[in-house]
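For chain W, the structure is supplied; the task is to place chains R and Y on it using the hints.
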Amino acid sequence: MASTPLIRGRWGYASITDKIADIVLRRPTHWIWGVGLLVTLLMSVFFFGAMGYLFTRGVGIWGVNIPVAWGFAIGNFVWWIGIGHAGTFISAFLLLLRQKWRNSINRFAEAMTLFAAGIAGIWPILHVGRPWFAYWLVPYPNVMNYWPQWRSPLVWDFFAISTYLIVSLVFWYVGLVPDLATLRDRATSKTKAMVYGFFALGWRGEARHWARYEIAYLLLGGLAAPLVVSVHSIVSLDFAVGNTPGYHSTIFPPYFVAGALYSGFAMVLTLAIPMRHFFGLEDFITKRHLDNAAKIMLATGLIVAYGYCMEVFTAFYSNDEYEIGMTMNRFFGPYAFVYWGVITCNVVIPQLLWFRFARYNVWILFALSLVIQLGMWSERFMIVVTSLSRDFLPSSWGLFVPSIWDVTMLIGSIGFFFFLFLCFIRVLPAITIFEMRELKHEELEGRQP
Amino acid sequence: MAQVFSARAVLLLKLAALGAVVVMGTGLIATYKYFWGPDTVAEAPEQPIPFSHKHHVGDDGIDCRYCHDSVEKSSFAGIPSTHTCMSCHSQLFTDQKMLEPVRASMATGQPLHWTRVHTLPDFVYFDHSIHIAKGVGCIECHGQVDRMPLVRRVASLQMQWCLECHRDPEPHRRKSSLVFVMRPTSEIRAEGGLPDTKIQSTRRLTDCSTCHR
Amino acid sequence: MSELRRTFEEMPQQAVPLERDAAGQPFIRVTRREFLKLSAAAAALATAGCRGPVEEIVPYVNPRLVAPGLPQFFASAMTLGGCATGVLVESNMGRPTKIEGNPSHPASLGSTSVFEQAAILELWDPDRASALAMRGQPQASDALQTALLGRMQRLEQRHGEGLRILMRYESSPTLAAQLQALAQRFPAMRVHSWEPLHRDHSLQGARLAFGRAVEPLYRFGDADVVVAFGADFVGEGPGHLRYAREFMDRRRYRENPPVNRLYAFEPTPTLTGAIADHRDARSPAEVAQALAQLAGALGGGKVDDPMVAAAARDLQAHRGRCVVVPGEALAPEAHALVHRMNAQLGAAGTVVQYIAPICGDVDCTRSLQELVADMAAGRVDTLLILGGNPVYDAPGDIAFRDALARVPFSVHHALRMDETSATTTWHVPLTHFLEHWSDARAFDGTASVVQPVVAPLHGGFSHHEMLAMLLAPVAGGPRDWVRAQWLGNAGDAQAGERWRALLRDGIVADSAAQPVQVAARNGDFTPPTAAQPWTLVFRPDQSMHDGEFANNAWLQEIPRTHSKLVWDNAAYVSPASAQKLGVKSGDRIEVASGDARVVAPVWILPGQADDTITLPLGYGRARVGRVGNGVGFDAYPLRPAPMAWAAPARSVRRIEGEHTFATTQNHAEMEERDPVRRINVPEARELHQKPIENAPEPETLYPGWTYPGYRWAMVVDLATCIGCNACTIACQAENNIPTVGKEEVRHGREMHWIRVDRYYEGSQERPRTHFQPVPCMQCENAPCELVCPVGATVHDSEGINVQVYNRCVGTRFCSNNCPYKVRRFNFLHYTKRDGEPPLDARNPQVTLRMRGIMEKCNYCLQRITRARLETEREGRRIRDGEVVTACQAVCPTAAITFGDLSDPESAVSKAKRSPLDYALLRELNTRPRTTYHAKVLNPNPDVPAPPAGEGKGEGHMVPPTTPGERGGG
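Residue numbers (our numbering), protein chains in the order written: chain W, 1 to 449; chain R, 1 to 213; chain Y, 1 to 969.
This is chain W alone, in the form it adopts within the complex (with noise of 0.2 angstroms):
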């Protein structure tokens, strides 16, 4: 197991902060960095720009209709909080798993996730049609005297999508208190002392700290775990509720965490690779963290190959003829290219992963990595448009074709989580020091006879 090490090369306790906090503090920003910073802010420019022209016009500047009445706005909600899981899986069931090596990698796929469910939380809200009145679905006394529809699944949403977000952001927090700490006393202004201390929260390493420090983060650990599960499981039922052929199927929440999984790694790893090229970081995120991620991915991605097989299977085997036009019309409808496409981005191709070399190789993770994340959100298109388009009555069949504003949207939104994630590299250490030291000091406690 310990075979290859989770931190290369001959690195000291003082050595492993200096690094990582250097990037923060001290290490001169890299030209590539800036570049990224302002492209993404363009594009998060044009977002927000489209947000304001969607809320002076209305949602039909998309491209949305009846029947498709969903579209992108759907599917890109379930696919950010797709990759929104990735982040709190690593930092909590690998933690209760005792699995050391998330160590390096949990910080920033956890600011990931947070930025992810974040950007899937604006969706619905752009979605709707009235989103002044959108805080209708949130239970509270009113003088209409009148309650949210609890038995919409779009109201379980809210609460599963906020708890999530809720807890993500405190687990997270919590975890960074000892490094702020560490920011704070290392830093080179006062205003920078005075920021990171005021979020340290007085925090001065004592063992009484760090007895209480492992004890909240454990029972948070264990608090995040089953939301991991839960979110997308009760966002799957937004659709296995409805009635839709290709909607209405009872795998959906299993088959749906599973693609978030897929998904989440895939930009964990997207993430990873450049990180640790441009910052140096390749001792701390080594080969062997990539090689593990691959392996998730691989995992992942055969349970939703295994979910393909069986909507296929049940479809025909229930011989309801609803259901085996849905799978027909996926097939050889006007929308086969994207039914085609998400097999072969999601089974085929990442079968690649069986192989070493290909886990081994950063060119070629990073590669499948941006492939996975096509595939999956080529598949939650899939599910929301297709299914819609050809449902029961002939008459009423239709199809979706997008409009700029519904692209803008969707690369704005990219481009908007990207930004988010270069300003985190800058303002708090992408690597979590402490634990670091602490896998530096487990190494020598191995080593000891």
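Certain hints may be false.
[Stated by the list, open to error] If we take Cβ atoms under 8 angstroms as the criterion, some of the chain Y residues that face chain R in the derived model are:
1. Glu55
2. Pro59
3. Val61
4. Pro63
5. Pro68
6. Gly69
7. Pro708
8. Val794
9. Asp796
10. Val804
11. Asn806
[What the hints assert, rightly or not] Here are the simulated lysine-lysine pairs, BS3-like style, with alpha carbons at most 30 angstroms apart:
12. R:Lys14 with W:Lys190
13. R:Lys14 with W:Lys192
14. W:Lys19 with W:Lys190
[Said to hold, decoys possible] Partial list, computed: chain Y residues near chain R (C-beta under 10 angstroms):
15. Glu56
16. Ile800
17. Arg807
18. Gln845
19. Val846
20. Asn858
21. Gln862
22. Ile864
23. Leu869
24. Glu872
25. Arg873
Keep in mind the hints are simulated off the structure, nothing from the lab. Since we're looking at a predicted model, the values are computed, not measured. Ideal Cβ positions, reconstructed from N, Cα and C, are used throughout, including at glycine.
Just chains R and Y, lined up with the frame of chain W:
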């Protein structure tokens, strides 16, 4: 190394945090009260003529229907035409300065512009005639108009206020012949003025489609 | 919320433009300027915020007889092609908002066509001409009188030499009387007629057959067998509503009288063709051949055409209870031939009777040709054009415009500044029929008085007032003239009573025309049957009529019954012809006839005859208004005067370029899901004799509903639906449904609450067409209710899925979950679109929906409410038939039944008990409140069935269903 924050600073910070919580909480409640809270007491708005229901109804004892003539057959109770005012005031108080706008309206044919006291949103379809027919006294919603020099709104007219009655109409209903009597329903009922009309189930009365369409 | 509709309370009440005299007759008060001021005020109020905006109440100065907030109904009549249809106009606070048919009017029987429904929008159209104009320049209102004054004297000296009047088909006795008076003053004056959709052929045919011009009146109630040659008697022409009612009533399954049988030969799909038991698509020439063959067969000749032969046998087997119906497009000889056949078959005098032509014995084509000749020769110096738009709709080979340009003094008296006004010296705004007094006759001669319901919104005056200018001054106004026409000048009380009755009923008692006795002569009537390489078929567009409705957004957006196209006309060709031309739908062809060439986009239409191209008239308007300008292509230039309905094309060729169409239905196959169930008479008989054991309702885990009071439900009879779209547009008018425009329809965002689905069965060449009106099903297990997060769509205690607009946040989950896709969403702020009626034209009883809100059919909740309030005030239950939904009221064939299921004796309860009743997508266990009756067909076994999958699947059997009721109630 030196502490970034002195003990006092920390204390202040903690107090500030506490204060923030309190302020936000009260602020939230205040806003809620202001925008959505029941505002039963409303000022009587300015009117082109300080028309006194107290005088006309209370003192002179004119029946509501003399002026609000469509209240029994239409959703709209009806606002008296200038002609109606003049049917008395061509004889009475003909020199009153106060009544100048009425005479002007009669002369020029330009209608009076009253300020609305009871307003409902556009998507609420309230019908006077049915409430009258089912023995809901004017006083139930409009209050003791016969004691108002200037009419003001006495009920919030919010959905929850409507629902209170639609959920349990009985205490608010009276004998149909006594609908226009300006006395509390409780008294009227006590004196045997119990409703003599049947109404639909409260389930029907609380259907969305009863008021919205 | 501020976007939503003010209730009528907030409407400024002096906007009521009618003041009643003692007799309750309206006469006009408010001037247009005032009116606009007031509507502006209304608009201002309407945009006030939702929390405590300062609002005003503006009472009357003088009391009115009408209580504010209560609608009033006025009987009047709308004429189309000169013939009147009786209507009842609903007026809210003096603003006309909705038109219903007049049940006591013979041409209406309570229903209307799409045009009467759309007349409201026509009335409120802001693009109507609003000022007297000379050469396009606005003039003072008395300018015309002054101009006419001198001219009239000069004309009088010449006894009216050079004075001409050009008018459309007119059946108004008052107008006729005025023209007579005019003829006395100007003996040399001549009156010409031009109606683009004229009835010259049938009149000419009658002259050939009987020696005099007469019009046929059919009594389809008495016909067991009907053979139609290019005749769309349920779809268009005078009396089509009445004919549809009588004919389709015989399509309902009964033992006695039996279900009738219809054979149709026609070049292009029509409504009549779609409901036929046997329909064959044939070119005009082939139709004529078939007709000749039928004539031969009836004369005992031998025919090889199986369908003709079968028809002939059927006709002979039903002598005296059958009729042959000729389409206007047939050649005069063909009409004559048909008259003789009907005489032979004993139909004449029984099923078909003849009356003198309602709009007089005129030959439009010749009349127009003479006028143009005279104008060109400079023999016309004063021309009065009463209505119509001849510059636009004159035949291509009659150079009307050039000739008109040579007339020194020409007046165009019309609703709009249109193509003709651009050429005449004067334009005089005409009042809409809801704004003036007049009278008119129905297809059977019954007379009605046209009474105004609102002050002229754009000024102007009626034809009567126009003609009065040319006459010696007469006492009184138009109202008195019309009154005098019917009551003489009697002023006594009894006359007043008769006048009131006449206005109340909307018809003049027993004024129907008496049948005339005519005998068909013998003579050789052989219609021309020469086949052409390409035949152009000219038809009025189903929604534009002759083009006068081109600026009407409601009509533009009504899907054409067969093509489902909106906002366009197209050159319809058969699949085979499309191959021959090498075109697909959307490609463009250039069609040449005479010396005119027109470029038109192609639409491939199943059931179109090969080698024929159908060109709908009424599009390509240049000067009609913001809505209709430049929409579609104009086919009139291709139309030769002598062959007004079918002419050979000189050349047809494909040219470059594509056209994007907007259609509301993309898929025409039923995919063996059989939404429309069909059943033949024998099977129907079986089913009625021993109904199959009811299959039990599928189980559900949800608790059942209980219904303390009413349980509203609807049944749509597919056997009698003719796909005329009247329900769709009536619903639009009643429920303030916005139009969305071509682009939005292309995106699939049309808003109609009740749509008419069109399915094809069988081969592309000989498809059987089925129609299915689909409103909200008001499911008991409504999937929509389950998924709305804010409870904006809920089940009310009477079983209606109400959509609460003010609660809707627009997640659109309900639409996804609706298997019938009847929900409509305001993707954009459609109610603010150009071409939408102003606030004043809206139904004050229905909330206007802003963007982001879902909406759908709610069984005309406002009408149910109106009835409920009334009955609750009286303390009684709503009687059966007391609530009539908009679609039900307008349906020409009474295909829609609506009522209370908790009353076992109600019409709807009875209908639900029929073995033909079935629920759409029953297997989903949504338990719809709206159910259908299977389409009953009565094919003749002798006729070989058309090829390819006719009646495939179990589609033919009707699994009996019970209306999806749950719980007790």
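Going down the list of hints, with the structure as the test:
| no. | hint | verdict |
| --- | --- | --- |
| 1 | Glu55 | holds, 4 angstroms |
| 2 | Pro59 | holds, 4 angstroms |
| 3 | Val61 | holds, 5 angstroms |
| 4 | Pro63 | holds, 5 angstroms |
| 5 | Pro68 | holds, 5 angstroms |
| 6 | Gly69 | holds, 4 angstroms |
| 7 | Pro708 | holds, 5 angstroms |
| 8 | Val794 | holds, 6 angstroms |
| 9 | Asp796 | holds, 4 angstroms |
| 10 | Val804 | holds, 5 angstroms |
| 11 | Asn806 | holds, 4 angstroms |
| 12 | R:Lys14 with W:Lys190 | holds, 21 angstroms |
| 13 | R:Lys14 with W:Lys192 | holds, 20 angstroms |
| 14 | W:Lys19 with W:Lys190 | holds, 21 angstroms |
| 15 | Glu56 | holds, 5 angstroms |
| 16 | Ile800 | holds, 6 angstroms |
| 17 | Arg807 | holds, 8 angstroms |
| 18 | Gln845 | holds, 7 angstroms |
| 19 | Val846 | holds, 7 angstroms |
| 20 | Asn858 | holds, 7 angstroms |
| 21 | Gln862 | holds, 6 angstroms |
| 22 | Ile864 | holds, 8 angstroms |
| 23 | Leu869 | holds, 5 angstroms |
| 24 | Glu872 | holds, 6 angstroms |
| 25 | Arg873 | holds, 4 angstroms |
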